[in-house]
Structure formats: structure tokens, C-alpha cells
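So the sequence shown is numbered by the numbering used here: it starts at 1 and just counts up by one.
Calculated from the structure, these hints are not laboratory results. Be a bit skeptical, because a hint or two may be false.
Simulated DEER-style distance windows between Cβ atoms [said to hold, decoys possible]:
(1) H104 / A164: 34 to 42 Å
(2) D14 / W129: 38 to 46 Å
(3) Q127 / F5: 32 to 40 Å
(4) D40 / W158: 24 to 32 Å
Remember, predicted model here, so these are calculated numbers, not experimental data. Every residue, glycine too, gets a C-beta built ideally from N, C-alpha and C.
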Amino acid sequence: MASTFLLPHELHGDGPHKVIAVHGWFADRSAFAPVVADLDRVSFEYAFVDLRGYGEAKDIPGAYTTAEGAADVLALADRLGWERFSLIGHSMGGTVAQRVVASHRQRVRRIAGVSPVPASGLALPPQRWELFSTADIEPAHRRTILDITTGGVRPAAWLDRMTARSVACSDAKAFRAWLDSWTGDDFHHDLEGCTTPALAVTGQLDPALPAELMRATWLHWFSRGELVDLPVCGHYAMDEAPLALIRVVEDFLRADGV
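Please model the entire structure based on the sequences and the hints provided.
Spelled out as C-alpha cells, the structure:
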């Protein structure tokens, strides 16, 4: 599926290694704001994007699926003239990034997932599904999800700020539609035996997407898969451990050596 829509984006750096970063379910590209100041702009050029339904693309219609998101990412790479590039995807954005690899692996140098949802989707038990599936219209449910996935140890003011940002930067209908896609899509058979170098970064305080799940999924499908489990960190490593995340991800990207 080709896309003619140009994802809103911002560029940082002018290095030869091109990287597209895709945000998760709760935020637009501002999710990466805590790491921007300390990126290696000499080695890399980063494109941080807004998926449909978020940020500058908040009012853009779409199917709001991982497949559509992957097509939009590829269209942006084409527009930027990036024949080969690496990918970073947070949570839901990790699924979008895996979709790109599944369909156009020859174009992807390396993929780094930050608490990435597996390509097999993420089945939620009934009580958890009720919480997630009503978070589009219940901001308090978004706050509860944030609290659960960061181990229940983050300051109330941070939870409030993250909740307010999530509501402000996302379209409610798109937010709800994206949930169906990232929980229900299963394309992992398209990744089995994939030789694209693939890093999964998890947080030890995140019960939703722990290291054990990555070992059973990500490391099983990617033959060159790696795993780093960050201590004292939950689902939002960009906020909770920005410097550690930059070091881990950029060291992994830099190992490409091309």
C-alpha cells in the first residue's frame, strides 16, 4: 500500500546515518522532546514524525492502522530521499516500525524498539481492555495506564502533565482506532528469521511490555535481535531515563558501521 500523505515531521542533525522515529499511542512526536538536545547530530539525522491522528496530523483522516502508518513512514523516506534508513519506534510506534521492516526490510539498516508492542499484537485481559478501550473519552483512564506502566512510582504532577499532553495532542476517535490495530494486528510471520539488526529496550518497571515478552517475541523473530532492560525505568524511557536511552540506542545504531 503506497501513501501520498506526507507525515508532519521535524529534522535534527545532518549526519549520514538517517533515522526515522515513531511515537507511541499516548503522544505525538513531542514524546521524543526529552532526548533531542543530547542526540549525536554529527553521526545521525533524525526525523521525528506525527502519525495520523496526532500532533500536526491530528485532523488528518485515515484508517489509523499500523499498516497505514508504515506506508506513511516509507512515503516520508521517499520524499526525504532516504533510500536506506534506521527506525526507532516507541510502544505502538514500534509496531509501525516492524511493519516497515516486514514489507521493505532491504531499506532498513537497523530497528530499535523502545518498549515495542510485538508484531503479534498485544492481547489484553478483559479488565485491562475495559481500561484501555475507554481511555479515548476518559482522561482519568489514561492517567491510570501511565501510572501502571511506570510501576506506580512517578510523581503525580508528571502523571497529570503526561495525561494532559496525551489528550491535547491526539484525536479521540483516532486514538481509539489505533488501539484496535496495535493490539489486534498480527504479522509476526513476516518477520520470522529476519536478519535486520534489531534492538528492544524495555523498562524493568513496565509490567505491560517486559523483557520476558521481548524474549518470547522480538528475540525469537529477529535472528540478530538484542535486548536491553533498563533499571529504574518503566514504559516511557524518553522521560524516565533519557540519557541512558540515548546511549543504548545510539551505540546500537552506530554499530552499523556503514
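(request) Return the numbers of the hints above that this structure violates; sort them in rising order. (result) none
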